[in-house]
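J.: Chains as they are written, first to last, in this note's numbering: chain A, 1 to 254; chain B, 255 to 513.
Quick caveat, the hints were computed from the structure, so don't treat them as lab data. Some hints could be false.
Stated by the list, open to error - Straight-line C-alpha distance at most 20 Å; calculated EDC-like pairs for lysine to aspartate or glutamate:
id	chain 1	residue 1	chain 2	residue 2
1	A	K235	A	E211
2	A	K133	A	E196
3	A	K150	A	D179
4	A	K133	A	E195
5	B	K256	A	D108
6	A	K224	A	D108
7	A	K84	B	E477
8	A	K126	A	D108
9	B	K269	A	D252
10	A	K85	A	D136
11	B	K269	A	E123
12	B	K269	A	E173
13	A	K133	A	D179
14	A	K126	A	E196
15	A	K224	A	D32
16	B	K417	B	E294
17	A	K126	A	D136
18	B	K256	A	E211
19	A	K85	B	E426
20	A	K133	A	E123
21	A	K126	A	D139
22	B	K269	A	D32
23	A	K253	A	D32
24	A	K84	A	E71
25	A	K29	B	D471
26	A	K235	A	D252
Keep in mind the model is a prediction, meaning the values are calculated, not measured.
Spelled out, the chains give:
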Amino acid sequence: MEQVIEVQALRREYVRQTRLFRSGKKVVKAVDGISFSVARGEIFGLLGQNGAGKTTTIKMLTTLLAPSSGECRVLGYRSFGEEKKIRPRINFIFGGEMGVYRRLSARDNLHYFSNLYLLSRAEQAKRIDAILKLVDLADRADDLAETYSKGMIQRLQIARGLINNPEILFMDEPTVGLDPLGARMLRDIIRRLREEGRTVLLTTHYLAEAEELCDRMVIINRGKLVAGGTPAQIKGDCATLEDAYVRLIEEDKP
Amino acid sequence: MKLAVLYSTMVLQMKKSFVRPMFRFCLLANPILNTILLYEMFRTAGEESFLAYVVLGAGLMGLWSCICFSSAGDINRERYSGTLALIFATPASFPLIILGKIIGNTLLSLLSLLISLVTAVLLFRVPLSIGSPLLFLAALAGTVTCFVVISSVIACLLTLSRKTELYMNCLEIPIILLCGFVFPVSILPPAVQALSRALSPTYAIELLRMSLYGVTDLRLFWEKFGIMLAITALYAILSGLLYRRIDRRVRIAATLEVA
Ligand SMILES: Nc1ncnc2c1ncn2[C@@H]1O[C@H](COP(=O)(O)OP(=O)(O)O)[C@@H](O)[C@H]1O
Ligand SMILES: [Mg+2]
């Protein structure tokens, strides 16, 4: 099996200003030596409490953040140093209402990003219409994004994340704030991506969703890995994934 | 495809800037108000060439404000709306995207020159006569280049540090004074003049003014033009060096987002 994501002893620290004046500085260990790998075609879950280090991990994988130490490879390339090889082939979606140009229509947003992903005119025309239909935005495609509901903005994000036909799609809490139909649509899209042989790495707080979707997952807590495997393996003798999750987090209390 | 990146960013930036009330104020209202203010000041001072000081002064002040509040502030706006990280991680070159934004803003900001001119002509019947029209166009092109390059240095600093916007706002008026937007630099104290001479807009403005009056000494004109280009090239090299490091620096310092 080809491993498209390889993370080895990965660390990231932030230096945080603790006082307004003078140099009060505190080092936060956001990710503290985690290792895992993801095979091509897998749907992989990254679970954990708020502040566990999930977003930081995704940022390092998506070439947005430099690791403090450790190995972080995507498609065989170092995410810090060989990012040019990675960027055209991946994409990412951060949940919530950020990350779209609100003064542009959905179509214009997608047009702009398809230019930045260096797609040719012909490809653009083909992809944009298909994607708009896929996320069910076709009839509002020419209205300004600022007139959209929360869910529609999020679907636009998803559309943007698909614009370059990524081999790996990273999703950070993609279903947060989506209504039940929107969340189901997203799950369908994710499954469809798997059928096409694409890889998805996602974080979510909905454990049922994670169990339903993920082939494998890891649970991180305070920057460290506390469990990993298939949902069944993590569940062990617990009745639900949630029970197992709660137990793992409780056991890891400092 | 590189052109598509540049062009689509330019268009996007113009749309985005124009719908912002603050930008529209800087672009549309500011030049009108400044033109009236400067006109009254220069009228009582007995200065005859309203075009060279009133129109040009007000127009350039408008242009510069737009750059301070927009080209620069836009990086922060993208940061707060979460799009900075997105555009940063695309295969398109980040400096090219920034350049597209800056060119878009600067072209749009040129409107302030036009508005200042129209205000002066309609309100005060300032005669519209350009001594050396072709040289004026050349000087204008030089001015635009010089402002584009300065903006790109600023934008780069802003990507690296979130605090730059504060410094930018403090820089607005000093540059107007130092570069002689509304009076000749020669009236400044010699020590300050030395500083003015290191700033490329100083020359750009002198060139514009010379060509409005009508250039009598062509050699002097092109000499100043050369100096302006040389200083601008220096800034461009500086910004090139900065951009080379930017891709690594922002990811180490984690300044792409607000978090
Ligand atoms: N830019 C930043 N500067 C300082 N601290 C940060 C920054 N981003 C995240 N952190 C801190 O790092 C830790 C992990 O955050 P994050 O990766 O966002 O967690 P998660 O996504 O799992 O909720 C948290 O303690 C958070 O406060
Ligand atoms: Mg997070």
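J.: Now, for every hint given, state plainly whether the structure supports it.
T.: Now the hints, each set against the structure:
A C-alpha spacing of about 10 Å is found between K235 (chain A) and E211 (chain A), which places the hinted pair at or below 20 Å, so the restraint holds. For the hint linking K133 (chain A) to E196 (chain A), the alpha-carbon distance of about 18 Å falls within 20 Å, and the restraint holds. Only pairs whose Cα atoms come within 20 Å are accepted, and K150 (chain A) paired with D179 (chain A) is accepted, the gap being roughly 9 Å. Proposed proximity of K133 (chain A) and E195 (chain A) is supported: the alpha carbons are some 19 Å apart, at most 20 Å.
For the suggested pair K256 (chain B) and D108 (chain A), the alpha carbons sit about 18 Å apart, so the restraint of at most 20 Å is met. For the proposed pair K224 (chain A) and D108 (chain A), the alpha carbon gap of about 41 Å is over 20 Å, so the pair is violated. For the proposed pair K84 (chain A) and E477 (chain B), the alpha carbon gap of about 43 Å is over 20 Å, so the pair is violated. Distance restraint check for K126 (chain A) and D108 (chain A): the Cα-Cα separation of roughly 14 Å lies within the 20 Å cut-off, and the hinted pair is therefore satisfied.
A distance of roughly 51 Å separates the Cα atoms of K269 (chain B) and D252 (chain A); the hinted pair therefore is violated under the 20 Å criterion. As the CA atoms of K85 (chain A) and D136 (chain A) are separated by approximately 32 Å, the hinted pair breaks the 20 Å bound. The hinted pair formed by K269 (chain B) and E123 (chain A) fails the criterion: a straight-line CA distance of about 25 Å is larger than 20 Å. Simply put, K269 (chain B) and E173 (chain A) have alpha-carbon atoms about 31 Å apart, too far for the 20 Å limit, and the pair is violated.
The hinted pair formed by K133 (chain A) and D179 (chain A) meets the criterion: a straight-line CA distance of about 18 Å does not exceed 20 Å. Taking the CA atoms of K126 (chain A) and E196 (chain A), the gap is near 18 Å; set against the 20 Å cutoff, the hint holds. The hinted pair formed by K224 (chain A) and D32 (chain A) meets the criterion: a straight-line CA distance of about 5 Å does not exceed 20 Å. Distance hint between K417 (chain B) and E294 (chain B) is unfulfilled; the C-alpha atoms sit about 37 Å from each other, more than 20 Å.
Between the alpha carbons of K126 (chain A) and D136 (chain A) the distance comes to roughly 16 Å, so the proposed pair stays at or under 20 Å and holds. Between the alpha carbons of K256 (chain B) and E211 (chain A) the distance comes to roughly 43 Å, so the proposed pair goes past 20 Å and is violated. Taking the CA atoms of K85 (chain A) and E426 (chain B), the gap is near 41 Å; set against the 20 Å cutoff, the hint is violated. Restraint check: the Cα-Cα separation between K133 (chain A) and E123 (chain A) comes to about 16 Å, which is no more than 20 Å; the hinted pair holds.
Taking the CA atoms of K126 (chain A) and D139 (chain A), the gap is about 17 Å. The hint holds against a cut of 20 Å. Simply put, K269 (chain B) and D32 (chain A) have alpha-carbon atoms about 43 Å apart, too far for the 20 Å limit, and the pair is violated. A C-alpha spacing of about 16 Å is found between K253 (chain A) and D32 (chain A), which places the hinted pair at or below 20 Å, so the restraint holds. For the proposed pair K84 (chain A) and E71 (chain A), the alpha carbon gap of about 17 Å is at most 20 Å, so the pair holds.
At most 20 Å may separate the alpha-carbon atoms for a hinted pair to count; K29 (chain A) and D471 (chain B) exceed this at roughly 66 Å. Under the criterion of a C-alpha separation no larger than 20 Å, the hint pairing K235 (chain A) with D252 (chain A) is consistent with the structure, at around 16 Å.
When held up to the earlier numbered hints, the structure conflicts with 6, 7, 9, 10, 11, 12, 16, 18, 19, 22 and 25 and fits the remainder.
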